[in-house]
Structures are given as structure tokens and as C-alpha cells.
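Those protein sequences? They're chains R and C, same order as listed.
Under the numbering used here, think of the first position of the first sequence as 1, with each following residue one higher.
Under the numbering used here, think of the first position of the second sequence as 1001, with each following residue one higher.
Hints should not be assumed to be uniformly reliable.
Said to hold, decoys possible - So, partial list: chain R residues that the calculated Cβ filter (under 10 Å) puts toward chain C:
| hint | residue |
| --- | --- |
| 1 | 62 |
| 2 | 64 |
| 3 | 65 |
| 4 | 70 |
| 5 | 135 |
| 6 | 138 |
| 7 | 142 |
| 8 | 146 |
| 9 | 150 |
| 10 | 173 |
| 11 | 185 |
What the hints assert, rightly or not - Using 25 Å as the maximum straight-line C-alpha spacing, the simulated SDA-like pairs for lysine to any residue come out as follows:
| hint | chain 1 | residue 1 | chain 2 | residue 2 |
| --- | --- | --- | --- | --- |
| 12 | R | 159 | C | 1442 |
| 13 | R | 162 | C | 1447 |
| 14 | R | 162 | C | 1366 |
| 15 | R | 360 | R | 106 |
| 16 | R | 159 | C | 1446 |
| 17 | R | 162 | C | 1427 |
| 18 | R | 162 | C | 1372 |
| 19 | R | 162 | C | 1435 |
| 20 | R | 159 | C | 1443 |
| 21 | R | 159 | C | 1025 |
| 22 | R | 162 | C | 1443 |
| 23 | R | 159 | R | 360 |
| 24 | R | 360 | R | 474 |
If you're looking for bench data, these hints aren't it; they were derived computationally from the structure.
Keep in mind it's a predicted model, so treat the numbers as computed, not measured.
Positions of the beta carbon are idealized from the N, C-alpha and C atoms, including for glycine.
Each chain, written out:
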Amino acid sequence: MSGLVPLHLALVIPLAGAVLIALFGRWPNVREAVTLATGVALFWFVTSLLPHVLAGATPGVLLVRLLPGGLSLVLRLEPLGMLFALVASGLWIVTSLYSIGYMRGHGEAHQTRFYVCFAVSICAAMGVALAGNLLTLFLFYEVLTLSTYPLVSHHGTRKAMKGARTYLGILVTTSVAFLLLAVAWTWVLAGTLDFRVGGILAGRAEEGILLILLALFVFGTGKAALMPVHRWLPAAMVAPTPVSALLHAVAVVKAGVFTIMKVVIYIFGLDLLTATGISVWLMYAAGFTVIAGSLVAMAQDNLKRRLAYSTVSQLSYIVLGAALANTWGVVGGSMHIAMHAFGKITLFFCAGAIYVAAHKTEVSDMRGLGRAMPITMAAFLIGALSVIGVPPLGGSWSKWYLALGALDAGQILFVAVLMVSSLLNIAYLVPIPIRAFFSKPADGSEPPRFREAPAFCVAALSFTALGCIVLFFLADDVYRLLIPLGGG
Amino acid sequence: MSQALQAQLPVLQVLIPLLAAPLCIILRRRSLVLPFATGVCWLTFLVSVFLLGDVLEAGVISYEMGGWAAPWGIEYRVDALAAFVLLFVSGIAALVLTYAPRSLTDEIPASRHYLFCTLYLLCVTGLLGIAITGDLFNVFVFLEVSALSSYALIALGGRRQALPAAFQYLVMGTIGATFILIGIGLMYQMTGTLNMADMAERLPAVEGVRTALVAFGFLTVGIALKMALFPLHVWLPNAYSYAPSVVSAFIAATATKVSVYILLRFMFSVFGLEFSFEQLGLGRALMPLALAGIFVASTVAIFQRNVKRMLAYSSVAQIGYMVLGISFATATGLTGGIVHLFNHALIKGGLFMAMGCVMLQLHSVDLDEMAGIGRAMPWTMAAWALGGLGLIGVPATAGFISKWYLIQAALEQNSLVVAVLLLLSSLLALVYVWRVVEMAFFHEPSARAREAREAPLAMLVPTWVLLGATVFFGIYTRYSAGVAEQAAEAVLRGLP
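The shape of chain C in the complex, shown without the other chains:
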């Protein structure tokens, strides 16, 4: 790769999907637009692979947009954490779109496929942009790009409930985004800059001022809404369960994770560890919410009859684990939180993809309808079971790695209670996962399940790639936990 191209990688990461999105409208033909968008996603993924390589080798990359120097122009800034997020967001985006065609044909009218691709690419653009930018206002812009496109994506869902679900998400999401905007505005007012690194330098001088505290409050609540932190999670279950299968898989795997990334960026990189955690005690606020979220959402998940909805509640619980890791504000805790971003993205993306396969063949994801489906669709449900084991945190799955770090972090701080609660919560996961496994494999087939066939290979292979990866990253952790450790250290050091 030429030097010149390599230097432009950060901007290409966002530019490629952004420019491709309107092209989808021009292409319009279904047979053209899906392969095109898929190709674009894989290209984006390739860029992120190179970026991660560069970052691990040479350290932080700073890119000046349009050649304007940093505090005045927009800076793109790729450190280990950002590169890590870019990698899994673009990777999952590409994988999900590869899997998508059959499922889309079944769930969305063919005349709208080009719209789907446009929205999907815009959503990818937004999520990648959030991760890569070093500019506060730019974060807000990309947040809105990804959010607006995801509202529309959810509304594409076949059932009528998709519309109120999307609307509910829109209202809650907009409130969250507005809070974030207010927070950013107040901080701009205090410091006169929007560049993160610059602001991190100027903030200490004005930290005591009430405006900064108010900004901190607005930002915390706004981000908590976006990442569906209990009790601000109400928009999530409907959105995930009524969206088209492909959209559920992509958004569940990436959207909330990127919001957690925003939390990390603001609280550690901009405000700084000392201000957020030692002065304001953010950890003490987040930890109870995280634990409550884990327990309440896991318990609610146990009682769901719709498996997609159950997975959605499980997502709320899993966000709790990530936030719990962050709330320790130690290297081990942060590593646990960050590695769980990644691990859970794989697990939940894969699980929703498996549910997409079931939806295609069974036209239902109702638990009772799924009785005995394991016999008709052994590969799909075996993949599901594998992902389920990851959710529980069985050793040799990615979920175990995350939990191991989190327990370590709890024990390091001598909070035995938290460690015990963490372990007990995996038992709740065991219950909700095992209900499905038992129903699928050990019950007599329902009438519908008798007629069902195994999902097409084009869908099975991507599903297995993702869920196989959860086992891979449960055993070889150099590129998950290893990178997460580096990212955690970088985050704790703060911006230079």
C-alpha cells in the first residue's frame, strides 16, 4: 500500500460508506445494489484492519480534516480503543450484509431494498464516524446520522408494531441526542474549543464552575439514554424485537456498543479520570445502575415468550456488564468492559442472525413455535446454543473472558459482594438461554417446526463465522483481551 493512501486511511474509513450511500439510490436495481453495498462494507472493514495494524505498530494516528490544524479544524484521532471499535463495527456490518439478501427478500418488499442499503450504509458511516472523530461536535453529527438512519431501518420491519417501536426509539433517542448537544454546547461555552484533546487541557481550569458540572450531568444522562443503561432502556426491547432480522442483528451488535464508547471517550479522555470518578464519583453512580440493570433485565428476559425480545432484554443486561467494568475505573475493570464490548457484539450479533434464520424458515420466533426446531435446523440452533453458552459465560467462550476480567476487577477492589452478584447473574442467563435450548432440542416438534427446513448456506455461514469467532476469542485472546488491555491503558492515561 502506498504511503499516500495509508495516510488517508482515517478519512477513507468514513468517506467510503458515506459516498456509497447515495450511490445506492442511483443504482436502485436490487441485483446491483446489494452486492455493491456488501462490497463497500468489506472495503470499509479492510480499511479498519489496516488502521488497527498501524495503531498497534506506530501508536495514535491523528488526521487533520482538509489540512486544517487541530484545534481549529476537525481532527480524526485513532487510538487503540477507537481502532478496536472501528474494526468490530465494520466487520460485523460487512458480515451481516453478506448474510442479508435471503432474509431481506423474505421480510422487506424488493422495491425498498435500495433504501435499506442506503440507510444501512449511512448507519455504518455514523457509527464509524463516532468512533474515529476527535471533535465533540462531530460526535454529535455522526450520532444523529447513525440514529436517524436506524430509526428508519427499524421502521422497515414487516409488522405494524415496528412503526410505534421506531417512533418510541426516535423520541427517546432524540432526547438523548439533545442532552448530549446541550452538554457539548455548555462545554464549548466554557472552553471555547470543540477538539477533545484541546478541551481536556482547558477543562481543569474551569472544572469548579457550575456550568461544567451541568454539562457533565447532561452528557451522562444523554449517553446513558443512548446506550440503554437501566432504567433508560425502555426503547430498546421494542426496537430490537420488531425490526427486520438483519437490522436487529446489526444494531444489537453495534449501536449500543458505540454509545458505550462515547461514554468512555467523554468521561475518561475529555473530563479525565480524576474529575469524573474521584471528584464526582461517577463510578458510584454507575455501579448500582449497572448491577440493577443486569438483574432486572435478565429476570425480565426469563419471562419472554418471543425469543428476539428475550435477546433484547439480555442486551440491556449485557450493557450493564460493560458499564460495571467501566465503573471500577481500574485497568482490569476497563479491560473487562472494553473486551465485553467486542465479545458481546459477536455473541449478540450471531444470536440475532441465528434468529433471522429461524424467522426465515418458521416465520416466527415465538418460543412455543420453536419446539423441536433443533431437529429441523440443527446447524442454526447449534450455533444459537454456542452463542447462548457465551452469554452465560461458560469457559472457552468469549463471554467467559469478559466475566473473568470483571470478577478480577471486583476482587481486586475487595468488593466480594459485586463478584458474587456477577456470578449469580450468569445463572439468570443460564435460565433464559436454557429455556430455548431445551425447547429447541429436547421437545417434540411443533406443527410448524415439522415442516421447517435448515436455513440456506448463505445465511448459515456468516452466522457460524460470528458465533465460531466467540469460541475462537474465548481461547485465543491476544487480539481481543490483548488489544482491550492496551485500549484500557490508553484510556486511563487520558489524552496527551
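Chain R extracted, bound-state conformation:
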């Protein structure tokens, strides 16, 4: 029965959308309508998969038998991928709305290329989410890197090219040099690359080799931005803001931590990691990135760069959850994929709205902006509080479970790390809306009059801000979706 679910539609829909967008490039209204229709169709399809997962089924589709030796490209649905697919496809619709306002409000060039690449990127993200084995995951991981390159270099300026080169260089270098090696090595050791509950590596190699393999996986997944392979993320901030919002707060970076989570759960297996303790170093590496990312974020005056470093820090929450290798840690980390996505995309939407409406990019210039852009700044506050983890906002739950996971693993230190990080988050995020509302502009001029960003932008950022609140109350459903992850 499970073989009947046409999972490949999740790839076909955005790809067909990309083709249509290219064909209708000359008529912007039709083009944008196609983008939105594709987004809705994709989200509808992904939602229709939910009952299968909740029923405990893991339907799969064989795409193609790649090598005679039994290596195939396979899609397979499971809870973690379900969550990632839902978040990415759902937020794509919102981001498309936002892009329409942003790209037009800003008079950007090459908009057709932009929307085509965006659709292809989403296709790749779906591929990552639904990948049924490591090779499929790797394939779409690389497609995601390549298809986002034109988006990062969109402006075509020297600075944009340089940023895009750093982006491509780090992501491809790490994935080819480490991740592919790890994948090939796993194949040699285990004779399979399938994601299986309980892992495939148990008893296949000595501890030392497993340790090296885990390191190869973690640092090979450059998209997870674990220090020291995080530099591409701030560099990618040269992209137009919708790109930063969806790709560098949701699809691309989450594809990274998602990969690590998948590897930990389905390749190594939680039991193997707990029994051997080979992931302990990873907790420290992630903990370091959490703190260091926040500290660097405090020093940034450019808002998008500050958010980028905040993302670096937040991603390591998820890596930390994976490294804890117990049910709470895995559930908390996975939940953070969704919670952080909503919070951070709101913040990026706000940053873009401020840029479009007030042409400001530096935090120090944003004092007193609350009068002009009350909705944007209110949404920023909500997003910030969710990222910090204050109830009643979604982010509080994932931090709660992560803290439980750390306690469960007997690692009190990392509970402290989470708390310190929250304090740091408060320090670098909250002052921005507070000063916007309660301070006067730095140059002493009168506060500007009401001038919000284009309606599309405001609608999008209001929606995601509300999402942060709604997720707080939906946490139980997310929890029920994710709990099988720890049960293996």
C-alpha cells in the first residue's frame, strides 16, 4: 500500500513551476501567479502526505537504479523529512508573496532568473527532505548549492560575486572533500546507504573509524555552519533579502542540520552514539558555536550580518540536539528546525522591509523607526522573542526539550550554555525594536512619519510572526509527529 504514494510529485511540482516561470518570464503578473500557484500546489501535496506519517507508514519511491551494484536514488517519507518539507514548502508561499513586494518595490533586475532559481532550490530542498538514502540526499544537497549560487550573486556587483564565490567555495569544498568521502566510506563499511531506524553502522567498524566518520559527516555538511565552516553564511548575505530569508534561514541551512540529524538518527543510530560516546566532542563543538556565534552577532552593526551570525549560533542548537543522541535532544533539535525557521524568517522579512521602505541596513540607524514602521517592528519583536525562547512563542518549546535532553544525558554544562545563549540573544536582538519604538533617531532629526513597506511584505511578515505564536500552541502536534525519531 505504501508504494502508491507518488512522492516524486514533490520534485515534479516545483520543477514544472520553474519551467513555466521561465516561459512566462515576459509577463510578470502571470509569472508571479505561477510562482504562487506552484507554491500552493506543493504545500497542498506535502500536507496530503501528513496522514501517512502520522499513521506510522514510511512510503518510498524508487527514482532510478544508479549503479549495477545496487545503488539507487530513492525517496522515502519519514517524520523528520515530513517536518522539513512542511516548513520549507509552507514558508515558500509566504516568501513568494514577500518577494513580489520586495523585488518590485526595489526594482530588481533579472527577476525571471530569480524566480526560476528559487523554484529549483525548493525542488532541491524537497529532494533533501524526502531523500531515502545518503546518495540521494547528497545529490539534492549539491543541487541546492548550485541552484542558490545565482541567487546569492544576483546583484552581479564585485561584492556580490565575491560573496557568492565564498558561498560556493566553502559549501562545495566541504561537501566534496568530506561529505562525499563519508558517504563513500559508509557504503564500503555498511554495504548500504539506506536510512534505517537504528542506524546501519553498528558493529561495522571500530570506534576510531566511526569517530572520524562522524567528523567527516559533520564538517562535510557545510550548510550546518558549525564553526569553523560557517563563513559562507555571512558571505551569502549579499543576496536579496527574500533569498536570505527563505534559503539562509530555512531551506539551505536547515538542509544542513537536517542532514546531520538524519545521519545521527538513521546512519549511526542513537544507541550506537550513546554506547560509544563518539558524539561527545560534537556537543562541545556545537556549544562553542552557540556561544561564539552569539558573541560575534553582538558586534555586527549590519542587521543582516547580525541575523546571519545569530543563525550560525541557532543552527548549533540543532547540532547539539543531535549530538546529545537521546530522545529529548533529537526531538528538541528537530523541533527547533521548525521553530527557528518561523522566528528567523520573520526577522529577515523585517530586515528586508526596513531596507525597502526606509533604505536602512545598519542597526545604529534604526532608532526611532518604530513610529514609521510599527507593524514591522512589532513583528520583529515577536520573531526575536521566539528566537530567544520566551513563552508564549514557539521557540520556547524547542529550547525546553533541548534542555531536557542535556539533563537526560547528564551534561549540565550544556543547560548552562543554552541559558547563556538566551541571554546573549536578548542582548543583541531585543534592543533593536525597543530603540525603534522608544528612542529618537541618532542624528536628532524628527521621527519619520508612517511609511510601511509594500503590502505584500507586511502581510508576509505579519503572517510568520503570527506563526511563531501559533506554533507555541501546536507544539504538542509537532511533538507527536517527531517522537518516533527517538523510539528506534
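Fit chain C to the known structure of chain R by using the hints.
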């Protein structure tokens, strides 16, 4: 197809282009000679398709030339490996010639087109002959047929540098061929036979004799020269960059690959795995050279301003991958090496064809002149980018399949270092490919690029066929990796 005709397929494979070559001189008229030669090439391709089908179905085909029985007469011998090489050499020959007319008109005076066709068909004859024959001296003869015609083909290049490039190739190629001839002569002296299968049987009795060792040495060096194995590659970059675009595409895709085939034949089929690799340690000699070639040539490629030259250095590096696969002397390694013969032939042939399109419209393949060319020639450069991804070895391209096998082979032998080096080398490929992609698509157009137009369909379609095939064979590998696996097994088994 009638039984009688089917039995004659092996000889037809070589005979058709061989007889057609002088006919080109008789036809002479440009409007006649190009379609004629193209038709002949497609016919040859058809023959090779049937041959491969027969071999996969019924096993090794042995054909006695003129009815003379094997050790005395010349034997044509088609196994999976030979059929595989025949197929892609004749296929690419046909495709390149289909693509050729517009490019030739632009680069070679019309009065010489019949000469071009004659030489081209002779070159095809030589390359096919090498792959099909089971006779050592016959290998040498066909080697010279293909080499002499390719020297002349390169010399047809429009720029004056084509002449010294062809001459340099001639000198180096002749040294290589002479070494091979000396090697064959010595082996004949030891065994009294020239038939490969026969010699493989008689060699073990005389393996310890110094003459056999000397023959082995001469052959190894001679073949290494012919296939441009680092550091014997110096002739290649000039030859590839100054030859006419069509010639670059054909020779880059096929000539060195056939030399790698000769290496496989001599070292595995004639000398045998045990002698070449276990007693003499050929693998230990080849592996460092292959790795050095990959790294040095890829690095040099990064610094080239002329894109054809860059591709030529990349070819030297890619030969390194094939030789690396061979040097493992395991089933996986050989499969990787052999499948890369095929995959790289597609990729590099396609890339040179795309450069031919650029040459036609831009009259330059200089990197700076190519700034922004992606806007004027989107289809050409998109094809190029596709091929470039194959060179890097991105998944879902043919290049990935080759690399996957090679990495497996390295890991199977626990040589983690080799696996890491292999992966790092793809990063060098990324750099030299991306320089061109970035220049073509993300830079403001140069003055020339602004005026350029998209290449004619007659050239674009064959280019896309070849580069589209690299994606096809990156996903459906039954007829590339599948056949290569069979070929590797056959090679490892040795001659019966």
C-alpha cells in the same frame, strides 16, 4: 541481418572507413565529400552497435582475416572491452563529423575539405583497428595510421602555431610508436608469435628472461607517451589548442582513450595481471604518476587564459584518473578507469564542440573575450556548463559515476589518502570550470560578445546530444558502468 553479413561485421568495422578514405579524394567536391564521409561514419557506428550487441549476447567474437587460422594469420578479436571502445569511438566520430560542416567552412579553406575528410576517415580507421585487432604488429600499424593522420589533421589548424604543435606531436608520437615497435619486436623474438592470445600462453615460460623485461619497459614508456601520461604529456596541450575545433573535439575525445585501451590490452591481456602488477609492480609505478598528473595538470589548467588550452590540461588530468583506476588492478578500480574512458570521451568531446561553437561566433576562445558570452549564446554555454559539472564530478553527471568507482576502489584497498586526494582534485576542477562559467554568465559582455549570436542548430544539436548523454549516463548506467564492469572482469580474467 543475414548470417553471412553478421559474420563479417568485425572486418567491416575497419574496412568501411578505410575504403571510404581514398574515395573522398576521388569525390573531391565539397558538397559531396562531407555528406559522404558523415554517412560512412554513421554506418561504422551502426556496425559497432551490432558488434556490441553480439558480444554481450554471445561472448568473445574471433574473426580470422582472410581465412588464415589464428596464430599464423591476423586475428580480429572483439570482447566486451573492445566492443565498448569501438562503440564510443565510432559514435563520437560520427557525431563530430555531423557537427563539422559550419565549423570547417570557418576554419579550413574549402579547397582542403576533401583532404580533411580523407584524413579524418583514416584516423577513425586507425583508432578502430587498434581496438579490434588481436595481433600485436597490427596494433602498431593501426597506431601509425591514426597517428600520422592526426598529425596532418592538427596541422590543418588556421593559426601558424598549428604547424610547430603538429611537429612536436609528430616527434613525440614517433618516439612513442618506435618504443612500442621495439617492445613488440623483442616479444616476437622471445615467443615467435604476434597473436596476443598465443603470446599470452607462451610468455610465462620466458618471463624471467631479461629481454621480456626490457620489452615490458619499452612498451610501458611508449604507451605512456601516446596516452599523454604525466610527465610525458607535453605534446598534448599545444596539439589540442591549435588544431581546428572539429579536430580538437574528435582527437581529445578518442585518441588518448584508445592509447589507454592499448595499455589495458598489453598489461592485462598479454603480460597478465600477475606478471605486470604482482611481479613488476606496475601499479606502484603508475599510481604516483597518475596522482601527480591529476594535480599538476589541474593546477596548470586553472591558470590558462585560453579555454581550449585549459581543456587540454584538464584532459591530461583526466587521463590520470583512468590510469589511477587501472593502477589499482582490482575489479572496482578497472571499472572506474574503463567507465571513465567512456564518460570522459563524452564530456571532453562535448566541451570541445561547445568551444567550436564559441570559436565560430566569437573567433576567439580567450577567457577575457568570453565575458558575458552566456547571454549571447545561452544554449552553447549552458551545454558547456553541463559538461563542466561532469568534469567536476557532480552527482547525476557521468563524471560522478567514474569518481564513485574510483573512490570505492581506493577505500576497498584502505588507501584513505588516495580517496582524499581524489576528492580534493575535483575541487581543482571546480575552480577551472567555474572561472569559465562565472565569466560567461555573470560578467558584463565584452565588445565582441555583445555582437555574437547563438551558434547554428546544426552545431548545437550534436553538442547537446553529447553533453546530454553525460547526464543520461550519470543516471542510467546500465550501458556505461554495466558494460564497463563486464569489460573489467573480462580484462582481469585475461585471455583464455
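Among the hints numbered above, which are violated by the structure, and what are their numbers in rising order?
-> Failing hints, ascending: 1, 4, 21 and 24.
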